[in-house]
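Generate the whole structure from the sequences, applying the supplied hints.
Protein chains in written order, with my numbering: chain A, 49 to 730; chain B, 3 to 262.
Simulated crosslink set (EDC-like; lysine to aspartate or glutamate; CA at most 16 Å straight-line):
#1 A:Lys334 with A:Glu151
#2 B:Lys226 with B:Asp74
#3 A:Lys370 with B:Asp74
#4 B:Lys79 with A:Asp291
#5 B:Lys226 with A:Asp183
#6 A:Lys141 with A:Glu151
#7 A:Lys370 with A:Glu709
#8 A:Lys53 with A:Glu195
#9 B:Lys185 with A:Asp417
#10 A:Lys420 with B:Glu180
#11 B:Lys9 with B:Glu225
#12 B:Lys79 with B:Glu67
#13 B:Lys79 with A:Glu186
#14 A:Lys466 with A:Asp716
#15 B:Lys216 with A:Asp183
#16 B:Lys226 with B:Asp146
#17 B:Lys219 with A:Asp183
#18 B:Lys219 with B:Asp146
#19 A:Lys723 with A:Glu713
#20 A:Lys723 with A:Glu709
#21 B:Lys216 with B:Asp146
#22 A:Lys526 with A:Asp716
#23 B:Lys79 with B:Glu225
#24 A:Lys370 with A:Glu726
Honestly, the hints are just simulated from the structure, not real lab data.
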Amino acid sequence: MKKMKPIVRGLLFLLVGAFVGYGVGLGLDVLVGGRVNFTASIAGYFSLLIGVALFFFGLVGYRTITRGVTWQIFGTLGGALFVTGIRAIMGLKTFVPPFLFTEPAWVFGGLVGVICFILGHGVADDWIRMARGVDVPEHREDAPGWEKYYSPSLDHKVIGIQYTVIALILLVVGGTFALIFRTELASSGLQFLTTEFKLFNQNGLQFYNTLMSLHGMIMIVSILLGIAGLMNYLVPLLIGAHDMAFPRLNAFSFWIAVPAAVLLLSSLILGGFDTGWTGYPPLSAKAPLGIQMFFLGVFVAGWSSILGALNLLATVLRMRAKGMTAFRLPIFVWASIATSIIAMTATQLIGLSFQMVMFQRLFGMGFFDPAKGGSPVLFQHLFWFYSHPAVYVFILPGLGVVSELLPVFVRKPLFGYKWIAMSSLAIALVGFLVWAHHMFTSGMNEYLRVPFMYSTLLVAIPTGVKFFSWVATLWKGKITTPMPSAFLFVVGAIVVFLMGGLTGPPNATVSTDLHLHDTYWIVGHFHDTLFGGFVFPFFAALYYWFPKATGRRMNETLGKWHFWLMTPAFFTLSLGMMRIGLLGMRRRIADYDPLQGFDATHLVLTIAAFAIALSVLIFIINLVTSLKRGEPAEGNLWNSRSPEWQVASPMPAHNYDTPFEVVGEPYDYGLPGSKYVEFAKK
Amino acid sequence: MTHTQNKSSALAQGLIVFIFLAVLTALEFGIAILLNSIVLLILVALVKAGLVAYYYMHIYKLNQEDHGEGHDSYAYKTGTNRLGLWLFLLSDSFVFGGLLVSRFNLLGMTRPHLNQLLGLAVTVVLLVSSFFMNRAETSIAHGDKKGFLNGTLVTIILGLLFVIGVVGLEWQLAKIEEVIASKDVVGGIFYMMTGMHAFHVLTGVILLFTVWNKGRKGLYTAEKHWGVEAATVYWHFVDVVWIFFYPALYLIGAAIQLAA
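Have a look at this one:
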């Protein structure tokens with residue numbers, strides 16, 4: 049028999065695993081529930097987990113990631129059975145339909161599952177050895193070929209690629225969820241997500257809510273992992289470090305994001321939840337079991353973000369090349385610092401707020417229950433203290449990419465370097481003081497409204513600084529023609545983010561926000577900021593640095609198709625959302641009154657959403673085919689001054705063969721005789 | 003590691019700082035009984051935290067020069083590790099900050115009715131443990147392995163005593179006073195704050211045990227003992243958290259009588 053390709057074998061095993069898991073789950077559900085339910089949660093749960101485990105088994109055999117997922121399955125079951133056993137001794141309910149285990153059992157099991165993933169995968173092995181006093185070599189050789197991407201590699205470039213790939217996978221998953229509920233919204237009335245629809249113990253409306261909520265959080269996690277991918281890959285290269293400051297912590301930060309993603313996805317199957325991504329109590333205190341998996345998943349993903357940010361700050365502060373002083377750092381590094389300051393500190397607050405709801409559900413602690421003296425508004429304060437600065441976490445690296453690439457493509461110095469560097473920090477720091485603008489309608493103390501309105505409007509100043517700099521940099525620039533895809537996406541990012549920025553102040557202003565709150569206007573606004581601040585720059589960065597990472601270029605024709613399909617479709621989508629929002633379309637709901645006259649716009653929005661999905665599909669086809677068949681990339685492809693382009697691609701472990709010294713300004717493009725870095729003679 | 007002090011003066015300094023902390027704790031208790039002034043209580047807590055951060059956690063080491071050594075030297079790497087640890091503590095303090103905010107938002111100027119004597123006792127236990135941990139670290143920094151092992155062991159025992167005091171005793175006594183997690187938000191806040199702190203104490207004990215075990219095998223020297231320093235700083239951080247949690251739970255505001 050001809051040897052099968054690993055990916056084919058993996059997919060085959062996936063099918064087998066999904067089938068077997070489904071059977072096992074179905075059997076267990078019948079045992080507990082006493083009747084046959086073909087769409088039982090537990091059947092879907094086992095189908096997903098065993099499917100994923102066998103997929104990786106087919107891909108790499110029983111080691112690293114396969115072991116991790118397998119251990120996670122057994123850990124979850126073991127933890128759940130442990131709690132169930134204790135409950136049996138205490139005389140409480142043990143096995144209950146429809147989810148087999150009780151809620152405390154699932155929560156404990158989920159947590160044990162994450163720990164078991166880490167132990168099984170082996171990313172913490174070195175630490176365990178160190179704790180036992182066994183000598184651990186500082187550097188470790190990577191497995192050859194593809195396998196290093198499944199194993200706990202310490203190379204920041206490998207980890208950066210791992211992050212980017214899982215971010216793209218989650219982007220596709222979250223996007224698919226959006227397409228499903230977008231299809232339902234295409235016309236008024238309920239089409240297929242009806243009350244007769246049954247899946248995973250949810251009817252159509254509940255399933256709509258779950259998809260809508262998970263679309264939000266999966267995209268957020270995807271963005272967090274995406275920026276982590278960019279920062280991990282780029283920052284050590286840009287500052288001339290041989291790796292991150294803490295390579296083992298770096299690997300750990302990535303690998304806990306994997307079980308976190310599994311937990312997040314399992315919330316869809318274990319009953320779902322209906323709170324939206326914000327998880328406000330009291331609704332989240334009453335939502336189905338899925339919300340606990342959601343909380344747990346976000347909590348673990350949050351730790352990934354915190355530890356990654358910590359590592360990045362330490363790297364920038366301690367590992368810079370000679371001469372890389374504060375104001376010679378690349379702008380992307382400044383943006384990463386600003387982002388990491390927020391991610392490292394504020395993330396704790398979303399973790400805490402979710403943990404408190406979790407405990408309210410498990411132990412009846414009444415933090416957010418007014419009947420017990422609690423306050424739902426407190427949750428919103430804790431939650432938004434992270435979740436507003438979080439949007440700056442999402443966009444700052446992207447804006448950094450724009451500032452980084454713009455001078456390369458217009459062959460001119462970046463206008464106002466210091467102002468741009470400081471504007472990132474200013475956005476991050478002001479960002480800590482604006483959270484309550486999400487709560488103008490929440491019933492918080494009214495005297496808080498005006499200060500938060502002004503602090504929020506203040507954000508427009510450093511953001512405006514960035515725009516002035518970009519426009520001034522473009523002014524009389526020698527624009528590279530034909531424009532490469534990376535540059536197209538940079539320009540797209542500027543235009544889209546401008547729209548996102550301009551639609552912000554009406555939401556910050558109390559008088560207008562009272563009307564705009566919770567409408568599609570808001571949905572249009574934040575999709576604009578996140579596409580302009582993350583999606584477009586992310587694609588720009590991928591087109592730009594893909595050759596660095598792989599040694600091959602991406603296809604320019606497909607890149608242009610991607611851009612020219614996505615950009616108009618996205619404009620249609622966001623402007624359409626804002627239009628019906630202003631006319632009174634409520635966000636998050638599954639249906640709307642045909643008399644409101646939104647049917648036509650919603651249909652256009654749905655078509656636009658599918659066009660964006662198609663463009664992303666083109667991108668992914670481009671990415672995969674270019675890996676093997678892309679035109680080889682040689683030398684300084686973009687004629688960049690940045691150190692990573694002065695050496696051959698792809699770069700070896702520990703990066704530069706000879707160290708470099710910074711001898712000039714980073715963005716003096718077009719100035720004759722100027723130099724940024726000088727490599728030491730061998 | 004720069005030796006600006008000899009061993010006995012370093013130990014004496016640790017003792018003097020401990021005496022200051024003990025006096026401040028007594029003062030704190032007195033203020034709560036006699037004046038009940040929240041401003042003074044916060045001030046005392048800040049002074050205590052400052053003393054611990056400077057003399058026990060050696061925060062000033064973050065600012066130490068690297069003497070032009072290469073990025074691969076042990077000293078430079080220890081500097082990087084130290085920075086990473088402090089960044090972690092900064093991040094972690096946001097959890098405790100969030101809990102304090104929740105406590106004052108929900109309970110305002112009231113507090114749960116708790117056993118004052120036990121509260122003071124566990125506070126003293128934690129403070130004394132910090133003193134012994136300081137001794138242990140100072141010992142290994144001067145190459146005294148035995149002093150290090152003994153100091154760490156006493157710290158571990160005191161740490162466990164603290165956990166037993168809070169979880170084993172205080173939680174049971176609080177239940178009698180009707181401070182119950184599922185009953186109302188007073189109980190919720192009390193168990194959440196003490197539970198989160200006790201969890202950190204437990205992780206600290208595990209770290210200390212790891213360090214003690216490695217010390218027994220002779221893996222630390224006067225020059226190379228980053229592991230000890232890390233565990234020590236973490237341990238003192240847990241103490242600093244309690245320096246704020248103790249007044250927030252036991253001293254500030256008026257006690258609510260929940261028992262009918």
